[in-house]
Amino acid sequence: EAQVTQNPRYLITVTGKKLTVTCSQNMNHEYMSWYRQDPGLGLRQIYYSMNVEVTDKGDVPEGYKVSRKEKRNFPLILESPSPNQTSLYFCASRMLAKNIQYFGAGTRLSVL
Amino acid sequence: RKEVEQDPGPFNVPEGATVAFNCTYSNSASQSFFWYRQDCRKEPKLLMSVYSSGNEDGRFTAQLNRASQYISLLIRDSKLSDSATYLCVVTPRDTGTASKLTFGTGTRLQVTL
Numbered sequence: 001e002a003q004v005t006q007n008p009r010y011l012i013t014v015t016g017k018k019l020t021v022t023c024s025q026n027m028n029h030e031y032m033s034w035y036r037q038d039p040g041l042g043l044r045q046i047y048y049s050m051n052v053e054v055t056d057k058g059d060v061p062e063g064y065k066v067s068r069k070e071k072r073n074f075p076l077i078l079e080s081p082s083p084n085q086t087s088l089y090f091c092a093s094r095m096l097a098k099n100i101q102y103f104g105a106g107t108r109l110s111v112l
Numbered sequence: 001r002k003e004v005e006q007d008p009g010p011f012n013v014p015e016g017a018t019v020a021f022n023c024t025y026s027n028s029a030s031q032s033f034f035w036y037r038q039d040c041r042k043e044p045k046l047l048m049s050v051y052s053s054g055n056e057d058g059r060f061t062a063q064l065n066r067a068s069q070y071i072s073l074l075i076r077d078s079k080l081s082d083s084a085t086y087l088c089v090v091t092p093r094d095t096g097t098a099s100k101l102t103f104g105t106g107t108r109l110q111v112t113l
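Top to bottom, those sequences are chains C and X.
Residues in the first sequence are numbered consecutively from 1, following our numbering.
Residues in the second sequence are numbered consecutively from 1, following our numbering.
These are calculated hints, taken from the structure and not from any lab test.
Every residue gets a Cβ at the ideal spot worked out from N, C-alpha and C, and that includes glycine.
Each hint should be verified, as a subset may be incorrect.
As the list claims (entries may be wrong) - Dumping the calculated DSS-like pairs for lysine-lysine here, alpha-carbon to alpha-carbon at most 27 Å:
# : chain 1 : residue 1 : chain 2 : residue 2
1 : C       : K98       : X       : K2
2 : X       : K42       : C       : K98
3 : X       : K2        : C       : K18
4 : X       : K100      : C       : K57
5 : C       : K69       : C       : K98
6 : C       : K65       : X       : K79
7 : C       : K71       : X       : K42
What the hints assert, rightly or not - Per label pair, the in silico range of CB-to-CB distance:
#  : chain 1 : residue 1 : chain 2 : residue 2 : range
8  : C       : K69       : X       : R59       : 41 to 49 Å
9  : X       : K45       : C       : L96       : 18 to 26 Å
10 : X       : S52       : C       : D38       : 28 to 36 Å
11 : C       : K98       : X       : N65       : 29 to 37 Å
12 : C       : S67       : X       : D77       : 33 to 41 Å
13 : X       : A67       : C       : N26       : 40 to 48 Å
14 : C       : T5        : X       : R76       : 31 to 39 Å
15 : X       : N22       : C       : M95       : 26 to 34 Å
16 : X       : S81       : C       : D38       : 22 to 30 Å
17 : X       : A20       : C       : A105      : 25 to 33 Å
18 : X       : E5        : C       : T5        : 27 to 35 Å
19 : X       : E5        : C       : A97       : 39 to 47 Å
20 : C       : K69       : X       : N55       : 18 to 26 Å
In isolation and in its complexed conformation, chain X is listed as follows:
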């Protein structure tokens, strides 16, 4: 089983739609969680951290479910500019150590007119 698993997609959605991605992780000791965004042929960039209580940043909402070991990303009112690959990132320990970031293979989102 992969350490971090994501549905590769692509998710094709019309502009204005709400779309959600899930990411499952296998290490129950995982502590820190992130979503990164990667545009085609570009470098990954941090989209948002994922906190235990869930957190929101504009149209983006991230949730963590420790019991089922998954995190989710919800995008409301999708824009064409949201088209990208979304990478789930998990680390085994919290800040203060050189913990390894484990990346999922990404979920591709294509927003269309």
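Bound-form chain C, shown alone:
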């Protein structure tokens, strides 16, 4: 089954404790991205990657890091989480030649 898998689905952590949210897709998509979704603000892109070892900032990259060492994986790293990073996070992927995007099920993060 074609899918985007992100883990964990729920995470409660404390300020400053480094965390990683994993994302994996099995559709051989070149393009992957991370979004956060907050009430009233909609989906905002954090980082994106057009291929292995190619990453770039989205609209709200501060406080986040990503890496793309393999085509299928695109982890999101919060080196020192803060309460304003409490949000619902989605990983997404698509083919470069098509604009139809597939989303993971989401990770609900709370930073205390």
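Model the placement of chain X on the given structure of chain C, informed by the hints.
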């Protein structure tokens, strides 16, 4: 002005009603348009693409008005299962490039008995 604007709603409609949402976009160079559906606390999923001539998929009809820079979604014979948030998505260029998808904040629809 936001790149993509939607009325947040909620639109509360009885089952069987016809309901329409509009979405306006600010970038006149926008080329590709989509409607996504998002159920509460779930991931967005593609509902339908929007073509220049308008297109229909069952009870759903999407229209594009380039002159006024808006797209619309019409839902006929609303079902309880249509209750969700509908996201308007716009991209600046057509396929072939890694163009950015810009999402509206969504319009919430609640269909009631």
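Going through the hints against the structure:
no. : hint                        : result
1   : C:K98 to X:K2               : 24 Å, holds
2   : X:K42 to C:K98              : 23 Å, holds
3   : X:K2 to C:K18               : 33 Å, violated
4   : X:K100 to C:K57             : 12 Å, holds
5   : C:K69 to C:K98              : 23 Å, holds
6   : C:K65 to X:K79              : 42 Å, violated
7   : C:K71 to X:K42              : 25 Å, holds
8   : C:K69 to X:R59: 41 to 49 Å  : 44 Å, holds
9   : X:K45 to C:L96: 18 to 26 Å  : 21 Å, holds
10  : X:S52 to C:D38: 28 to 36 Å  : 33 Å, holds
11  : C:K98 to X:N65: 29 to 37 Å  : 24 Å, violated
12  : C:S67 to X:D77: 33 to 41 Å  : 48 Å, violated
13  : X:A67 to C:N26: 40 to 48 Å  : 42 Å, holds
14  : C:T5 to X:R76: 31 to 39 Å   : 35 Å, holds
15  : X:N22 to C:M95: 26 to 34 Å  : 29 Å, holds
16  : X:S81 to C:D38: 22 to 30 Å  : 26 Å, holds
17  : X:A20 to C:A105: 25 to 33 Å : 30 Å, holds
18  : X:E5 to C:T5: 27 to 35 Å    : 33 Å, holds
19  : X:E5 to C:A97: 39 to 47 Å   : 28 Å, violated
20  : C:K69 to X:N55: 18 to 26 Å  : 40 Å, violated
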